[in-house]
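> Listed here are the chains, written in short residue letters.
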Amino acid sequence: MKIYVCIKQVPDIDAPIRIRDGRLLLDRDRMVMNAYDASALEAALVLTEETEGDVEAVLIGPGKAGETIRKALAMGADSGTHIVADTTGYDSAAYANILSAFFTGKTYNYIACGKQAQDTDSGLTGGMVARLLNIPYVSNAVRVEGGHDGITVTRQGDTGRELIDLPVPGLFTCSNDMNEPRIPGLKGIMQSKRKPVHVLSLDDLGIDKSSIKTHTRITGYEQIPGRKPGRTFEGEPGEIARDVAALLNEETGIS
Amino acid sequence: MSTLLTYVSIQDGRIKRSSLDLLSRCSEEAEKNGHRSAALLIDESASGYASELSTFGLSKIYIVEGPRFKNRLNGPLLKAFSTVLKQVKPAVLSLDSTEESKDVLGALSASTGAPVLPDLSQFELTENGVKGKRPVMASKILSLVEAVGKPVIFSVRSKSHVQAPARTPSRADVEKIDVSVTADDMRASLREIRKAKGSGMDLSEAETIVAAGRGVRDEKGLNLIYELAGVLQAGIGASRALTESGVFDSSLQIGQTGKVVSPQLYIAVGISGAIQHVAGMTNSRIIVAINSDPSAPIFDIADYGIVGDLYKVLPPFIEEIRSFKRNTFI
Ligand SMILES: Cc1cc2nc3c(=O)[nH]c(=O)nc-3n(C[C@H](O)[C@H](O)[C@H](O)COP(=O)(O)OP(=O)(O)OC[C@H]3O[C@@H](n4cnc5c(N)ncnc54)[C@H](O)[C@@H]3O)c2cc1C
Ligand SMILES: Nc1ncnc2c1ncn2[C@@H]1O[C@H](COP(=O)(O)O)[C@@H](O)[C@H]1O
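Chains A and B, in that order, give the protein sequences. FYI, our numbering numbers position 36 of the first sequence as 36, with every residue one higher than the one before it. FYI, our numbering numbers position 193 of the second sequence as 193, with every residue one higher than the one before it.
FYI, nobody ran anything at the bench for these hints, they're computed from the structure. Be aware that a few hints might be false.
Stated by the list, open to error - Okay, derived cross-link-like pairs now, EDC-like style, lysine to aspartate or glutamate, Cα gap no bigger than 20 angstroms in a straight line: (1) B:K133 to A:D243; (2) B:K325 to A:E250; (3) B:K133 to B:D300; (4) B:K325 to A:D21.
What the hints assert, rightly or not - Residues from chain B that keep clear of chain A, each with C-beta distances beyond 12 angstroms, as calculated: (5) E29; (6) N33; (7) G34; (8) A50; (9) R72; (10) E192.
Claimed, not checked - Listed next, with one range per pair, are the computed distances between beta-carbon atoms: (11) B:T55 to A:G235: 47 to 53 angstroms; (12) B:E28 to A:G147: 50 to 56 angstroms; (13) A:G206 to B:E28: 42 to 48 angstroms; (14) B:S245 to A:G226: 28 to 34 angstroms.
These figures come from a predicted structure and were not determined experimentally. Note that beta-carbon positions come from the ideal geometry of N, C-alpha and C, so glycine has one too.
Using the sequences plus the hints, can you model the full thing?
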């Protein structure tokens, strides 16, 4: 069983973000593996533990993003591929086109993606890659089980869960509600240093930089208009509960 | 004159209200820009819903129906959308942001070559496409985005407090579009659907939501939540802490992984206010937080912050609200 996991390096959303001249100022030291991709990796590791197999992490990003591949290897991925590119201005379509160029001609059982990148919250790349490769897919997986020839993916839908049989080759995108990604231990970190990382350029994939099509454009950023400061109530529970209920009644006419 | 096509989503045998809100906004945009507004219904028996769209000033209602579309598997859906786009050639296709639409947006864009803007909180048509705003970085920042093309596909976050202005009913042409679903579209196959148990209220439509977090730690706390939701006729939501532990169904999770909601009133009970939770509710009109820890981050965004033990605060709170209700009926 061979599973590719697509991982993206994203800014830690807990870090403060500022905007200057319509651009984001990010703390380059606080870059992390997209949390949904960590769940995809965890799912792939569990699936291959059960069936014996091979997990390869694939990342598109600048040189510095290689540290995120190391993290994946320390978690247990067998190898990594780093497609080095300056991704400024890339949208999901650009990532998907590069990923599908990489996967074309490869043999695998499954490709696992995150359901969305935490920085853009787009949630498009997985479906795009599946379509470009003409393979079936399931999005928003909260559970996967099965083996070599096929898996059953449980998908969280709007009003319930759907259990979908996904044949080989297929693609699924993962929710973090699927699992708790393992934290790499010392042994994993030591072993990761000996695991292979293939470094590829866009050229190696036969992609001409100037031909990368982005579908959409970000023209700027704005601070979300802050909420106006609220009021805090402390004291005897009965009293403050009644005070707030009364204020709510005035403001919304809840009655 | 071009067509603005809105996908009207049918869930559990009824049209989603958020789809109707979107449809009325698109009809407005169409009117403003001298375009036609049209709707698309896809369902096992979609025709049956067409009459509910008579007050939206539509020029046309497109119907795709048949047993293949009963369960909204992405294969048949994708075929339906791409066939419709080819045939209708609209300037834009808009959808409301649901798990159903998220499931197909990327693939649809890849198979048609149409640019896609997901999860917009605001949008407007431009000369040759769409521009809009979308929350990113767990809703900490708005990004201004635009796409050029024909069509441009976009999805819109529901705003439950937008009410559709009523128009005089008019008759729109209903046109059926045949979609041939092949074995290729059915490679991923449905084994089973497990419907969520729970209140059944669609959170994206609820005017009031009572949301419970880890602070609600037992049966007694849950009963208080149900009671409060009962008097307010509210939908019940939850933080990940309580969906993960199975106390509430995952479809009730609010946040970056779960649903994004914007009710008139959001009452967060025993929820700390982690950024991933806040991402799903920060656009609520009024936020009330009940939490025993005065430094909980939820108080940073609450309009009314009650610092206290929920087990002591909720009973008098519920009683007081009930008394307001009672008085209005005298
Ligand atoms: C990728 C990713 C996505 C995520 N997506 C989501 C998401 O969609 N939705 C979501 O909710 N979370 C999400 N999370 C998890 C999130 O980070 C938090 O862990 C979660 O929201 C915490 O839930 P909580 O506030 O109920 O629990 P806690 O953080 O444990 O807070 C419990 C609160 O209850 C208060 N409390 C305790 N006892 C009482 C009492 N008696 N009376 C009053 N207050 C009391 C405490 O003071 C505390 O503030 C995500 C995390 C990741 C990594
Ligand atoms: N630069 C990247 N490198 C590898 N995988 C990516 C990259 N960008 C996106 N992906 C994959 O696509 C998923 C969805 O991304 P998005 O469409 O941007 O929300 C992510 O969770 C990853 O699995």
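> For the pair we were handed, K325 of chain B and D21 of chain A, check the Cα-Cα distance against 20 angstroms.
50 angstroms, violated
> Decide if the proposed pair is consistent with the structure: K133 of chain B and D300 of chain B, CA atoms, cutoff 20 angstroms inclusive.
Distance ~24 angstroms between K133 of chain B and D300 of chain B Cα, so the pair is violated.
> Decide if the proposed pair is consistent with the structure: K325 of chain B and E250 of chain A, CA atoms, cutoff 20 angstroms inclusive.
12 angstroms, holds
> Note whether the CB distance of T55 of chain B and G235 of chain A lies within 47 to 53 angstroms or breaks it.
Hint holds: Cβ distance 50 angstroms, inside 47 to 53 angstroms.
> Would E29 of chain B pass as off the interface with chain A, using Cβ distances and a cut of 12 angstroms?
For E29 of chain B, whose nearest Cβ neighbour in chain A is about 19 angstroms away, the distance exceeds 12 angstroms, so it holds.
> Does the claim that G34 of chain B lies outside the interface with chain A hold up, using a Cβ gap greater than 12 angstroms?
For G34 of chain B, whose nearest Cβ neighbour in chain A is about 25 angstroms away, the distance exceeds 12 angstroms, so it holds.
> Beyond 12 angstroms from every Cβ of chain A: is that where the Cβ of R72 of chain B lies?
8 angstroms, violated
> Is K133 of chain B within 20 angstroms of D243 of chain A, Cα to Cα?
Violated, at about 37 angstroms.
> Falls inside 50 to 56 angstroms, the C-beta gap from E28 of chain B to G147 of chain A?
Given a distance of about 52 angstroms, which is inside 50 to 56 angstroms, the answer is holds.
> Check the non-interface label on A50 of chain B: least C-beta distance to chain A beyond 12 angstroms or not.
A50 of chain B clear of chain A: closest Cβ-Cβ about 22 angstroms, beyond 12 angstroms.
> Take a look at whether the Cβ-Cβ distance between S245 of chain B and G226 of chain A falls inside 28 to 34 angstroms.
This hint holds: roughly 33 angstroms between Cβ atoms.
> Evaluate the condition: distance from the CB of E192 of chain B to the nearest CB of chain A exceeds 12 angstroms.
Per Cβ check, E192 of chain B is inside 12 angstroms of chain A; nearest 4 angstroms; violated.
The structure fails to meet hints 1, 3, 4, 9, 10 from the earlier list, while all remaining hints are met.
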